[in-house]
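S.K.: Just so you know, the protein sequences line up as chains Z and A, in that order.
For the first sequence, counting from 1, position 76 maps to 76 in our numbering; every step adds exactly one.
For the second sequence, counting from 1, position 75 maps to 75 in our numbering; every step adds exactly one.
To be clear, the hints were calculated from the coordinates, so they are not data collected in a lab.
Bear in mind that the values here come from a model prediction, so they are computed numbers and not experimental data.
It is possible that part of the hints are untrue.
Quick list of the computed label-pair ranges, beta carbon to beta carbon [stated by the list, open to error]:
(1) Lys56/Z - Leu82/A: 39 to 47 Å
(2) Arg42/A - Asp26/Z: 16 to 24 Å
(3) Asn96/Z - Ala39/A: 38 to 46 Å
(4) Arg107/A - Asp16/Z: 26 to 34 Å
(5) Pro8/A - Thr30/Z: 14 to 22 Å
(6) Ser65/A - Gly15/Z: 47 to 55 Å
(7) Gly40/Z - Arg96/A: 24 to 32 Å
(8) Thr3/A - Ser11/Z: 32 to 40 Å
(9) Gln104/A - Leu61/Z: 19 to 27 Å
(10) Ser65/A - Leu45/Z: 23 to 31 Å
(11) Trp7/A - Leu45/Z: 19 to 27 Å
(12) Thr23/Z - Gln62/A: 22 to 30 Å
(13) Gln70/A - Gln44/Z: 31 to 39 Å
(14) Thr3/A - Lys68/Z: 36 to 44 Å
Beta carbons are placed, not taken as given, at the ideal position from N, Cα and C, and that holds for glycine.
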Amino acid sequence: GEDVEQSLFLSVREGDSSVINCTYTDSSSTYLYWYKQEPGAGLQLLTYIFSNMDMKQDQRLTVLLNKKDKHLSLRIADTQTGDSAIYFCAESTTGNTPLVFGKGTRLSVIA
Amino acid sequence: SQTIHQWPATLVQPVGSPLSLECTVEGTSNPNLYWYRQAAGRGLQLLFYSVGIGQISSEVPQNLSASRPQDRQFILSSKKLLLSDSGFYLCAWSVRSTEAFFGQGTRLTVV
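With the rest of the complex left out, here is chain Z:
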């Protein structure tokens, strides 16, 4: 079945850039998503990219997609302490199938 893999932890200093990586196996993925989960809260959709794009930028967030390698990354510029959270990568295909989530990357920002 489909699988989405992420590293579990990332630690960066405040002001540096963070890069969170994700790989997926389903070559028929149509959308790829990044969600943010703050402690004790639900998941918040941060951004998404359609599979025929290779880059999307939204303020401090840059999403890069390498469809050939099935690799997705989220870059957060000028990382702040408020960016500390768990970040989930997810993918979807067409139809009614549920999104497939990775296990999440816990980002810790050191002041």
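With the hints as your guide, set chain A onto chain Z.
M.R.: Below, chain A without anything else, positioned relative to chain Z:
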């Protein structure tokens, strides 16, 4: 605009007691509905999803069940809770396989 309500926010239940968690969505029709569980320090586990009233797909065999009595209502139940049922339960909705929107979650502790 669409909103999702999930309650209660926290719940402490003894082993062997029943469970009922409720989720309702406003502002959309015929959404796909999902129940996820997030154990401490782990990723999201899809428990159930529904593409319509009375249509429930179970992803993981366990002592939980789900029902969808109305188009925008999704209920997670158990007749007898186990210690291993403790976790953070998240309800979500989507329009077909596009991005999912999450409720704020229910922290369930079985004692």
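S.K.: Are the hints correct? Go through all of them and say.
M.R.: Verification of the hints:
no. : hint                           : result
1   : Lys56/Z - Leu82/A: 39 to 47 Å  : holds (43 Å)
2   : Arg42/A - Asp26/Z: 16 to 24 Å  : holds (22 Å)
3   : Asn96/Z - Ala39/A: 38 to 46 Å  : violated (26 Å)
4   : Arg107/A - Asp16/Z: 26 to 34 Å : holds (32 Å)
5   : Pro8/A - Thr30/Z: 14 to 22 Å   : violated (36 Å)
6   : Ser65/A - Gly15/Z: 47 to 55 Å  : holds (49 Å)
7   : Gly40/Z - Arg96/A: 24 to 32 Å  : holds (30 Å)
8   : Thr3/A - Ser11/Z: 32 to 40 Å   : holds (35 Å)
9   : Gln104/A - Leu61/Z: 19 to 27 Å : holds (23 Å)
10  : Ser65/A - Leu45/Z: 23 to 31 Å  : holds (28 Å)
11  : Trp7/A - Leu45/Z: 19 to 27 Å   : holds (22 Å)
12  : Thr23/Z - Gln62/A: 22 to 30 Å  : holds (29 Å)
13  : Gln70/A - Gln44/Z: 31 to 39 Å  : violated (26 Å)
14  : Thr3/A - Lys68/Z: 36 to 44 Å   : holds (39 Å)
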